[in-house]
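Asker: If you want the building blocks of each chain, they are given just below.
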Amino acid sequence: MSEVFLNSQHVGETDNWQSFIQAIKDERRKNNVTNNVNVYYDKPLDTVYIENTKWRARRPLIVVKDGKPLFDEILKKQVEKNELSWDDLLKQGVIEYLDAAEEENALVAFLEEELTPEHTHLEITPLGLVGITTALLPYGNFSHGVRLLQGSKNQKQALGFYAANYSVRMDMDVNLLVNAQKPIVNTLMHELSDYDKHPSGQNIIVAVLSYKGYNMEDAIVINKGSIERGLGRSFYYRPNSAEELRYAGGLTDEIGLPDKDVKGYRSEEDYKFLEDDGIVYPEARVKEGDVVIGKTSPPRFLSSMDDYNLMTNFRRESSINISHGDGGTVDFVLLTENEEGNKLLHVKMREERTPEIGDKFISRYGQKGVIGLIVPHSDMPFSTNGITPDLLFSPHGIPSRMTMNHLIELVAGKTGAMAGRYINGTTFDAEPEKELRQELLGLGFRENGTETLYNGQTGQQLEAKIFIGSMYYLKLKHMVANRIHSRARGPIQLLTRQPTEGRAKEGGLRLGEMEKDTFVAHGTSLLLKERFDSDKATVPVCETCGLIGVYNEFKKKSFCPVCGDNSEISNIDMSYAFKLILDEFKSLGILPKIVLKDKY
Amino acid sequence: MVESLVKEYTGKLPVKLLGELKDKLTAQKINKTRAKKIFETTLQEYLDAQVAPGEAVGIIAAESIGEPGTQMTLNTFHFAGVSEMNVTTGLPRIIEVFDGRKNIATPMMDVYLKAPYNKGKDIRKLALLIKQSTLQDIIKEVNTDLMNGKIEVEILSAKLDDHGLAQAQLKKILEKGLKGVNVKIDGSLITLAPSSKESNLNDLYKLKEKLKKIHMSGLKGVTHVLPVKRDEEFVIMTAGSKLKEVLELEFVDETRTVSNDIYEIAENLGIEAARTAVMNEVFKVINAQGLTIDERHIVLVADMMCVTGGIKGITRYGIVSEKASVLARASFETPIKHLISAALTGEEDYLNSVVENVMINQPIPTGTGMPKLSTK
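Residue numbers (numbering that gives the first Met the number 0), protein chains in the order written: chain W, 0 to 599; chain G, 0 to 375.
Among the clues, some could well be false.
Residues on chain G that point at chain W, a partial pick, calculated with CB under 10 Å [stated by the list, open to error]:
no., residue
1, Leu-42
2, Leu-46
3, Ala-48
4, Ala-51
5, Ile-59
6, Glu-62
7, Ile-64
8, Gly-65
9, Gly-68
10, Thr-333
11, Ala-342
12, Val-357
13, Gln-361
14, Pro-362
15, Ile-363
These are calculated hints, taken from the structure and not from any lab test. Think of the CB as a built atom: it goes at the ideal place given N, C-alpha and C, for glycine as much as any other residue.
Based on the sequences and whatever the hints tell you, model everything.
Answerer: This is the structure we're talking about:
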């Protein structure tokens, strides 16, 4: 006697669970009961579970009977002729959805050749093993799983033609690749996902070759000529926005050219790009510090006496300017209203980015690298046909990572480029490498993809035959232009008088506790002092009471607030942080006295 | 001739070096000027090898131990075959040693044996003498006779022999452990009857539980023993450390038996032994990880921990609390506590150590900050 549960509720028992389950399945396949039903027999508990609730992850499989898939040649032809739809197959019981539980009772064949009489189901396609993004990688069954994962992850960071209406969209922080191409070596998934409508890479000539050590440790060497012809060129878009906020008392911000008498007026030079409405004109080439939106705000404290006394209603300047390190061309201006009905203004900035040293590129197989050197076209190696590679990839990246599909694409891409066709590289269902090599041989190349190359600088023939071909490369969104940062002098924090932190604030790089220890260990005492001089302060200290005095700017004299005007005051050099901690001691109720002594 | 040179250089060169020179030079026929030159060169080398004044040895030691510490893996080591018996190693163990913890995670001993015993004969028996055993270890069956208010315990006589106990001895142990209970031993059957007449069922059950835990033989606290063959002899490794008791056993080689409990070593063998133990314990971990750290860095730390005659860990309660400077102490954990207590006693800070001078941004008194200018 097997117990039967329907949606986790006990509903009865059955003498013969086999026929019971088979009956349910048969009815489901005949479409007499909803195909949302799944049955599962738990052998150790001798229990049948029937489920037809929602929120169960289910996946479709082809039903197999006596070792033969129900989806036969006749049906295949009908589907190809568009006479049958997916739903028709589902209704005919050729395809059914299994949930995780019912899968436990099923024996699923991965390929049709593997079918035996014991099998109950067949995968619709072996490609179902991988997800959508991983299916975009050609020859996935020729690579290490980890590399496939990295390849599909990195693909998501690639620049491309992300939306056809990009020119009228107000996207934050987006990139657009110029001349994005459809890959020569593609997969079924490229077709299914309309990849040619939103490509995100370029087909380039890659040679597996070292170049003066500038492509070691995963770096890549790029042809300057290729960059000038548009390789990896992209646009970076960033908006600057302003809103006319409303304040209590009917006061509002005002977008417009600020009057010269507003509080905090910058120089006229800073407003040079603004038109009469206080908004920058399109195609203006702006640099950091330039104002793109002129704005004034009402005075901060209405009750403050001097504002009333001076009569005039001083407005504050609150314009939007280009932040540190940014710049570019104004693309377009959007004037609209937000949910609260406030006037909202977006200025979309455009910046052209050509590849530079440090920009990140990747093939589709997790073989990422940054540009280590940009070589003039004339110095690049060339082949007998006069082909110069766009990119030099280091051979050391291959053995340890075992990304064989990287190498196969090189051959496949070369064959496709020369034969003028696209190569199908779908995982488990690709054009065999052997045939590609044969075709390449027929096209007049060496079948293994190598060619004789010549040194671009000396013209000497390279001794080894170089593996060279066409590959689809992606430019990733991590670009040096977004990260580069340096500082000699710059802003400091108000409280501690130490340098600010972070690129956006033009900050310094912290010399931390452990770094400090290295100076101590080397015994470089004075160098350490100099490094920490960034918050150096000269503090007047009272010699009588040992407390910190006050400097009177009018009298040009220091005095001690405790001991009065006539006490002896010495100016002592210390870090401002120490002066602060002395203040903190006082707030703790501890009186820190500085006892002064002559040094010599 | 060499003698006189040795006399001349006594005080300039360490005793060990002098002895070495004496041995080597007397063996060879050498004239006086040459011997003198050798002594002079040795002295120069010795002086050159010394740390220069103002070298920041503490920070260098800290960095030299700390950097390889980041590469350490494996926190515990398990013995094959013995479940539960494992040893803390890696960074946790180093932290434990340097903190000077009183209760370490896995106290252990390596018990070496004297000559006739270390050949492996009866090694199990010797091991059992060290291991703590309770009555439960030899019980076969326990029957509670509710009618007569008695408990009958059947024991395994063979196991009793293993523990080196005679029946009379067992009776004594039981009588001592269970006060107010009549003990009768007949072969492998022990009958226990509470002597008081008003005993109830509850008491009987309590007695049943209690008798299982009666300590019978071995050292309390030594939970596991594991005889292992090391080179040509057998050594007993133990989980749980009772150094004093183990050293008193007549078959134990007290010159080589060690514990990994630093405090126990300090108590029983003195602070110098504890200092060596600190060094050995740290080295053990470092060598097991395949790292190399110069021994002098660890010697320095061990010296700092033991210099007061007791063990002081590298913690705010240990050697950091001994720092003279208030600011230096406050900059290392719990600043407010240190500042308040300093304020209460009106402490003065002479600002003559490294941390304080970094805080006030003055040259630190190490390295190039050491020499001072003096004029007439």
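Asker: Each hint should be assessed against the structure and marked as holding or not.
Answerer: A quick look at each hint next to the structure:
1. Leu-42: 25 Å, violated
2. Leu-46: 19 Å, violated
3. Ala-48: 18 Å, violated
4. Ala-51: The hint holds - G:Ala-51 has a Cβ within 10 Å of chain W, the shortest such distance being about 9 Å.
5. Ile-59: Result: holds, 5 Å to nearest chain W Cβ.
6. Glu-62: 6 Å, holds
7. Ile-64: For G:Ile-64, the interface hint is violated, since the closest Cβ of chain W sits about 13 Å away, which is over 10 Å.
8. Gly-65: Result: holds, 9 Å to nearest chain W Cβ.
9. Gly-68: 13 Å, violated
10. Thr-333: Violated - the Cβ of G:Thr-333 stays beyond 10 Å from chain W, reaching only about 14 Å at its closest.
11. Ala-342: This hint holds: G:Ala-342 lies near chain W, its Cβ roughly 4 Å from the closest one there, short of 10 Å.
12. Val-357: It holds, given that the least Cβ distance between G:Val-357 and chain W is near 6 Å, below 10 Å.
13. Gln-361: Nearest chain W Cβ about 7 Å off; hint holds.
14. Pro-362: 5 Å, holds
15. Ile-363: 5 Å, holds
Violation of the numbered hints given earlier is confined to hints 1, 2, 3, 7, 9 and 10; the remaining hints are satisfied by the structure.
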